[in-house]
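S.K.: Residue-level listing of the chains:
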Amino acid sequence: MSTPAYNFAYLDEQTKRMIRRAILKAIAIPGYQVPFASREMPMPYGWGTGGVQVTAAILGPNDVLKVIDQGSDDTTNAISIRKFFAKTAGVATTTSTTDATVIQTRHRIPEAPLHAGQVLVYQVPIPEPLRFLEPRETETRRMHALAEYGLMHVKLYEDIARFGHIATAYAYPVKVNARYVMDPSPTPKFDNPKMDNCAALQLFGAGREKRIYAIPPYTKVVSLDFEDHPFTRYRFDAPCALCGAEEAYLDEIVTDDSGGRMFVCSDTDFCERRQAAGHRGLESAAPHKERAHG
Amino acid sequence: MYVAVKGGERAIENAHRLLAHERRGDRDIPEISLSQISEQLTLAVDRVMSEGSLYDRELASLAVKQARGDLIEAIFLVRAFRATLPRFGATEPVDTGKMMVRRRISSTFKDLPGGQILGPTFDYTHRLLDPQLTEEFLPELPATSDAPWAATPRVTDILGRDGLIEPSPQTDPDAAVGDLTREPLSFPADRDLRLQNLARADEGFLLAMGYSTQRGYGRNHPFAGEIRIGDVEVEFLAEDVGFAVPLGMIAMTECQMVNQLKGSATETPCFTRGYGLAFGQSERKTMSMALVDRALRANELGEEVLAPAQDEEFVMSHSDNVQATGFVEHLKLPHYVDFQSELGLLRKLRKEFAERADADPLQEAAE
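Note that the protein sequences, when read in sequence, are chains A and B. When we follow my numbering, the leftmost residue of the first sequence carries the number 1, and every step to the right adds one. When we follow my numbering, the leftmost residue of the second sequence carries the number 295, and every step to the right adds one.
One or more of the hints may lead you astray.
[As the list claims (entries may be wrong)] Cross-link-like lysine to any residue pairs, in silico, SDA-like; alpha carbons within 25 Å at most:
(1) K359/B - Y349/B
(2) K626/B - T255/A
(3) K645/B - A238/A
The set of hints was computed from the structure by calculation and includes no laboratory data.
Chain A with its partners taken away, still in its complex shape:
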C-alpha cells in the first residue's frame, strides 16, 4: 500500500495554483463569486473546507496563522484547523490578532482593527446571498449578472412590515464596491461595519458550494438598508463582565439554572489583552486556565 506523503500545507501545487487563480479573479471583481474546483479535504464539508483551501493556497513558510471560531482561539474546530496547518505546513501559530499574517475565521471578525498586509479568511457555508430567496443557481447567477437585487430589498421590506425591523441578525447582506450583493458569511451583523474600508484583504471560501470571493483592502462595503430604516448594529445592554469592554460582541453564558447570565467578550484574544492591560469588568474572573496552544 502506498504511504501517503503530503505537500506543504497539504494541497498539491497544481491545486494551489488553481485556487490562487480563483482568488486573483475574486480580488479583481470584488464581491463576485468565482467558481473553483474545490477538493475533498480531510475535514468534513461544513467544517471550513473552503477557508482551509484558501488558507492552504496562500500560506507561505513565514506566515503566522491565527484560527478562530465564534471569536475564540480555543473552540474545538479552531484548534483542529490550527493543528492541521501546524502539522502540514509547519507554520508559526498565534492567538494574537495583531501578530497574525493570516487569520482564518468562522462566524466573527476580530475586534482589534486589522492592518495592511493581513489576510482574513472566512469560512462560508452558503456563499449565495440570494439563495433563500431563489434556490436555483442558474437564476441567482443571472440576477447577479444583471445586478437585479429587487427581490432582496422586497425581503428586507417585508421584514420591516412584519416585525418593524429587518429580521436578519447574522449573514446580513452587503453591497461590495457598489456592484455585487454579497453574503458576509454567518458573522453577526454587529461585525458588518468592520468589512468596510478594511486595511486587510478579506477572502471568502465556500468548499461544498465551490465558490471563492473577496473584498480587496480599502473597498467600500455597505450593509443593505433603507433611508428611513438605516442599518444599525446590535447593542448589548451590559459591558463585558471580564474586561468591561463596551464596544465588543458578547457571548451570553448561562451560569445557573435559575436565570443567571453573564456576558463576556466573544473575541477571547481581545478580552485577554484588555484584562492584561488592567481593564476589569464587574466579575473578577480568573484568567483562562488553558491557553489555546503552547
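Chain B: place on chain A using the hints.
M.R.: Chain B only, in chain A's frame:
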C-alpha cells in the same frame, strides 16, 4: 464565575483516543483484517470504491475498518485521499461489450445471445437468517462447467441494430472528458458530468429518486434492458508509444434501461436510454442511476420537467453524500455567536410587542 467551555485541545485528543479504543472493540476478540473486509464484506468495499471514486480494494477496506463500518465515513476517507492524488489523464472508454461477465440478465428478452447468467445474486434467496453463519462455515464450492467464453452482445446493441432504440449519443473522441472533481459544476451540465455526478452519488439518494420516478414523479416506463457484472479491461493511451496500453482489469456493473418511446410525426419512434455504471457489484446503485439518468434527460427529449428526479439542479446539488453529511452534521459545531445575535433580535421584538400591548390592550384584542 466563568463557566465557558475551555480546554478544547485536550478534549479533542482524549475523544480521538476513546474513538480508537471503541473502534477496536473488545480486545479479547481478534482484530479484523483488511483482507477479511475485502473478501467477506465485498459489497461494502464495492460501494466505498464506487462512491469514493477510487478503484482500490485495499484502501477501501482500510477505510471501512477505520470508519467502524460507517460507509459514508469510509467514502469520505477515500475521497479525501483521492483528492491529493495527481491526475495523469483519462483512460480510453471501457468496452463493456467485451466484459468477462459473471452475471448478466435481461428482463426484456426470454433468451438472447450469451444467455441469461444469474451469477452471485441475492435475487432468488429466501431472506431467512442463516444459523449456519453464526459459526465458522465453509460453503460448497461453486458449480462449474466447460462452457467456452462467448461474446455477450449488449441488449441495447441488439435493439440498436434495428433502430428500435435511440443511438447512444456520439461524442467527439478528441473532446476532453469532463471531470467535476477538477472543474466546478455549472448548470445546465452536460451528460458526461451528470453521469459522473450520479456514479459518485449516494446509493440511498439515487434509490429514492429512481423509486420516485416509478411512482409517478417523472414516470418514464423503464425496462431493465440489461444488467451485467464482470471484469473489463482498462486501457490508457500512452502518448510516448502512440497506442493504448492495458492497465489491468476492474470489476464493474452496468445497467442499461430501455425506456418510453420518443418520436413524432417527423421523427421515427424508438425507445430511449437510461444508463448506470459503477465499480464492483453495485446493482441497486446502477439500476437507480439509470432511472435517474433517464429522468434527467427530460429537457433533451422535450418532456415537461415537473418532478424532483427530472430537475438537474435539484438532483446534482444534493446527490453527494460527503457534501450532504458534512453540511447536515456541521450543525454540531458551535453557532453561539449567531444564536446570540438572533436571541438579541428576538428579545427586542418581544419587548416591543409587550410595550405595544401594554400601551393599547384593546387594540390587540380587537385584532
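S.K.: Next, verify each hint and record whether it holds.
M.R.: Taking the hints in turn, this is what the structure says about them:
1. K359/B - Y349/B: Roughly 17 Å between the alpha carbons, so the hint for K359/B and Y349/B holds.
2. K626/B - T255/A: 22 Å, holds
3. K645/B - A238/A: 17 Å, holds
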